[in-house]
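Undergrad: Chain by chain, the residues run as shown.
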Amino acid sequence: PAALPKKACALTEYVGTAIGNTIGLVIANVDAELHKQMGIDPKYRSIGIVGARTGAGPHIFAADEAVKATNSEVLVIELPRDTEGGGGHGSLIIFGAEDVSDARRAVEVTLQYLDQTFGDVYGTAAGHLEFQYTARASFALNKAFGAPIGQSFAITVGAPAAIGVVLADTAAKAATVDPIAYSSPAKGTSFSNEVIFAFSGDSGAVRQAVIAARDVGKQLLGALSGEEPKSSTTPYI
Amino acid sequence: PAALPKKACALTEYVGTAIGNTIGLVIANVDAELHKQMGIDPKYRSIGIVGARTGAGPHIFAADEAVKATNSEVLVIELPRDTEGGGGHGSLIIFGAEDVSDARRAVEVTLQYLDQTFGDVYGTAAGHLEFQYTARASFALNKAFGAPIGQSFAITVGAPAAIGVVLADTAAKAATVDPIAYSSPAKGTSFSNEVIFAFSGDSGAVRQAVIAARDVGKQLLGALSGEEPKSSTTPYI
Amino acid sequence: PAALPKKACALTEYVGTAIGNTIGLVIANVDAELHKQMGIDPKYRSIGIVGARTGAGPHIFAADEAVKATNSEVLVIELPRDTEGGGGHGSLIIFGAEDVSDARRAVEVTLQYLDQTFGDVYGTAAGHLEFQYTARASFALNKAFGAPIGQSFAITVGAPAAIGVVLADTAAKAATVDPIAYSSPAKGTSFSNEVIFAFSGDSGAVRQAVIAARDVGKQLLGALSGEEPKSSTTPYI
Numbered sequence: 001p002a003a004l005p006k007k008a009c010a011l012t013e014y015v016g017t018a019i020g021n022t023i024g025l026v027i028a029n030v031d032a033e034l035h036k037q038m039g040i041d042p043k044y045r046s047i048g049i050v051g052a053r054t055g056a057g058p059h060i061f062a063a064d065e066a067v068k069a070t071n072s073e074v075l076v077i078e079l080p081r082d083t084e085g086g087g088g089h090g091s092l093i094i095f096g097a098e099d100v101s102d103a104r105r106a107v108e109v110t111l112q113y114l115d116q117t118f119g120d121v122y123g124t125a126a127g128h129l130e131f132q133y134t135a136r137a138s139f140a141l142n143k144a145f146g147a148p149i150g151q152s153f154a155i156t157v158g159a160p161a162a163i164g165v166v167l168a169d170t171a172a173k174a175a176t177v178d179p180i181a182y183s184s185p186a187k188g189t190s191f192s193n194e195v196i197f198a199f200s201g202d203s204g205a206v207r208q209a210v211i212a213a214r215d216v217g218k219q220l221l222g223a224l225s226g227e228e229p230k231s232s233t234t235p236y237i
Numbered sequence: 001p002a003a004l005p006k007k008a009c010a011l012t013e014y015v016g017t018a019i020g021n022t023i024g025l026v027i028a029n030v031d032a033e034l035h036k037q038m039g040i041d042p043k044y045r046s047i048g049i050v051g052a053r054t055g056a057g058p059h060i061f062a063a064d065e066a067v068k069a070t071n072s073e074v075l076v077i078e079l080p081r082d083t084e085g086g087g088g089h090g091s092l093i094i095f096g097a098e099d100v101s102d103a104r105r106a107v108e109v110t111l112q113y114l115d116q117t118f119g120d121v122y123g124t125a126a127g128h129l130e131f132q133y134t135a136r137a138s139f140a141l142n143k144a145f146g147a148p149i150g151q152s153f154a155i156t157v158g159a160p161a162a163i164g165v166v167l168a169d170t171a172a173k174a175a176t177v178d179p180i181a182y183s184s185p186a187k188g189t190s191f192s193n194e195v196i197f198a199f200s201g202d203s204g205a206v207r208q209a210v211i212a213a214r215d216v217g218k219q220l221l222g223a224l225s226g227e228e229p230k231s232s233t234t235p236y237i
Numbered sequence: 001p002a003a004l005p006k007k008a009c010a011l012t013e014y015v016g017t018a019i020g021n022t023i024g025l026v027i028a029n030v031d032a033e034l035h036k037q038m039g040i041d042p043k044y045r046s047i048g049i050v051g052a053r054t055g056a057g058p059h060i061f062a063a064d065e066a067v068k069a070t071n072s073e074v075l076v077i078e079l080p081r082d083t084e085g086g087g088g089h090g091s092l093i094i095f096g097a098e099d100v101s102d103a104r105r106a107v108e109v110t111l112q113y114l115d116q117t118f119g120d121v122y123g124t125a126a127g128h129l130e131f132q133y134t135a136r137a138s139f140a141l142n143k144a145f146g147a148p149i150g151q152s153f154a155i156t157v158g159a160p161a162a163i164g165v166v167l168a169d170t171a172a173k174a175a176t177v178d179p180i181a182y183s184s185p186a187k188g189t190s191f192s193n194e195v196i197f198a199f200s201g202d203s204g205a206v207r208q209a210v211i212a213a214r215d216v217g218k219q220l221l222g223a224l225s226g227e228e229p230k231s232s233t234t235p236y237i
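Protein chains in written order, with the numbering used here: chain A, 1 to 237; chain B, 1 to 237; chain C, 1 to 237.
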């Protein structure tokens with residue numbers, strides 16, 4: 001995990017920023033009327049908020065590390081259709097905690113992990129690829145994708161969506177994995193131009209499936225865009 | 001309200017253009033078969049049409065002034081996911097009238113008010129803020145947001161959506177207002193990357209709540225984008 | 001139809017690329033578990049896939065020629081909200097076939113027709129227009145728009161959506177046609193900033209209606225954008 005950037009704002013609500021036009025915020029004591037409007041369990045007085053223009057997978061996998069590491073719960077995961085002109089999602093993730101220091105800590109941990117979880121995001125002007133892998137899924141991945149808690153879990157993402165179909169097929173054939181969800185522009189996404197394939201299984205098999213899909217994806221997106229897809233930070237899988 | 005720009009098109013359907021890639025159009029006598037397909041009450045032979053690539057709040061608040069000032073009704077308010085690569089909405093607003101001059105007038109008034117209603121829209125490359133306030137809501141605001149007719153009404157908007165959450169909390173705490181709606185990427189928006197908070201109440205309190213949220217929003221978006229958010233025209237609140 | 005571009009990728013799944021950041025792919029034998037997740041009839045072992053960042057109408061009309069010319073079926077037509085910052089859709093189209101050579105052929109024919117079906121797509125920085133016409137609709141147009149099989153069929157598209165409303169009215173008045181669907185940002189699109197009008201009828205009348213709408217559309221989009229809308233390739237209607 002990377003260090004947090006220097007504090008750019010004096011408001012107590014401000015926690016920090018990160019790659020993908022991501023901002024991390026905290027509210028110590030949410031207004032009671034707003035709390036009702038948001039539909040959040042009143043026991044979570046404090047909320048931590050992570051939002052981004054670009055990126056949903058990286059933020060959800062980072063939030064999963066945050067819920068493992070802190071005394072907080074993931075209350076909301078919503079995926080706007082964004083990426084600033086790209087084909088994918090942005091994100092809004094809200095953590096709940098009884099104590100403000102726990103909510104703040106969840107946001108900090110999420111921001112710190114983004115440098116890693118953007119490692120297998122590959123963008124070109126024509127589209128993007130994303131690969132995520134964890135040895136042990138927790139509550140954020142369960143809420144977002146239905147990942148079985150405690151199991152190895154991964155996703156492959158391709159945009160335009162046609163590439164994502166081939167990534168899914170490549171992953172499914174490369175090793176014995178359990179498919180959990182296949183999402184496409186009209187089903188399971190916010191009309192993004194992606195196919196997202198989510199699967200769990202034996203840790204070695206899940207990793208092997210992701211790596212095979214990544215190899216194919218880079219060739220296909222490279223052929224479409226006429227340039228080699230590059231990692232947004234440093235590959236981690 | 002600003003003056004209308006010079007007429008750039010000789011078609012009788014053309015009314016004018018405005019900020020936000022906005023176009024105003026009028027149809028004197030809608031084709032009968034199309035009328036059915038559109039699902040509009042047949043008594044409105046004439047329709048006025050305002051559409052924009054960028055902006056929904058500015059157009060709805062301007063349309064609200066138009067319905068107050070003219071003999072027309074707001075039949076359709078639809079919010080595409082647009083803003084030309086930004087995180088928000090565009091808009092499609094259709095006025096109905098029995099007489100074409102009323103439909104045209106509604107479009108003209110809407111276009112004229114946009115210079116004002118873009119006054120508290122603040123954009124940066126990383127996101128945007130929007131604040132709108134009226135002392136007396138009418139039928140367009142009622143249809144779009146459920147605003148109580150005749151009451152003071154306002155909205156706060158932040159993109160990325162995380163910022164909008166803090167704006168909502170700031171507004172709710174700054175004065176005693178009645179929350180009407182809390183919209184987020186997956187609920188009440190067209191998957192835009194915004195949280196929109198709508199509220200009514202005593203005129204002074206509503207204004208005070210908006211101003212407090214605007215102050216916080218400019219600091220947060222400034223921290224995310226590394227530049228000071230600037231008004232699209234001239235602030236009016 | 002244009003010639004396919006030179007093969008840029010050695011993977012057997014790769015077929016080719018085309019205008020609109022379009023990629024064509026084929027899978028000879030879809031993984032059995034993935035096949036279930038995709039909800040496709042198991043008898044189609046082989047699938048052909050066409051996906052694009054920009055363009056849905058051009059791809060669906062091209063796919064309609066492909067199903068006429070090959071032994072394949074259109075299984076999936078999904079419309080992401082894309083166009084890389086523009087106001088419209090991208091596309092994901094999946095063909096099914098019992099034999100891989102048929103699936104590949106369907107993709108090849110689709111890619112070859114795109115140069116033609118982009119002929120009446122007109123883009124400016126402010127918005128876009130699209131017109132499509134066929135003398136005889138087949139299964140892709142039936143699936144996507146409800147076009148009556150074997151009949152003459154056309155669509156008019158305007159973005160921002162306000163322009164599309166006037167195009168629909170112009171087409172409906174220019175000749176005696178049968179309206180089939182009127183789609184707008186909140187109904188029948190993926191929150192795109194378009195109004196799409198689909199109609200069938202006598203071949204001459206349908207063509208006449210499209211040509212009248214095209215003439216009006218170019219004037220309106222020209223007035224909004226301050227530049228003359230230009231064909232993406234060469235007009236074909």
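The set of hints was computed from the structure by calculation and includes no laboratory data.
Computed from a predicted model, the values in this text were never measured in an experiment.
Fair warning: there could be bad hints in the mix.
Copies of the same chain are indistinguishable here, so a pair counts whether it falls within one copy or spans any two.
Here are the simulated DSS-like pairs of lysine-lysine, each with C-alpha atoms no more than 30 Å apart in a straight line [what the hints assert, rightly or not]:
(1) K218 to K36
(2) K36 to K230
(3) K43 to K230
(4) K218 to K230
(5) K36 to K173
(6) K68 to K43
(7) K143 to K36
(8) K68 to K36
(9) K187 to K143
Undergrad: Each hint: holds or not?
TA: Now the hints, each set against the structure:
no. : hint         : in the structure
1   : K218 to K36  : between (46 Å within a copy, 26 Å between copies)
2   : K36 to K230  : neither (44 Å within a copy, 33 Å between copies)
3   : K43 to K230  : neither (44 Å within a copy, 38 Å between copies)
4   : K218 to K230 : within (9 Å within a copy, 34 Å between copies)
5   : K36 to K173  : between (47 Å within a copy, 14 Å between copies)
6   : K68 to K43   : within (20 Å within a copy, 44 Å between copies)
7   : K143 to K36  : both (21 Å within a copy, 23 Å between copies)
8   : K68 to K36   : within (27 Å within a copy, 33 Å between copies)
9   : K187 to K143 : both (17 Å within a copy, 17 Å between copies)
Checked against the numbered hints given earlier, the structure breaks hints 2 and 3 and satisfies all the rest.
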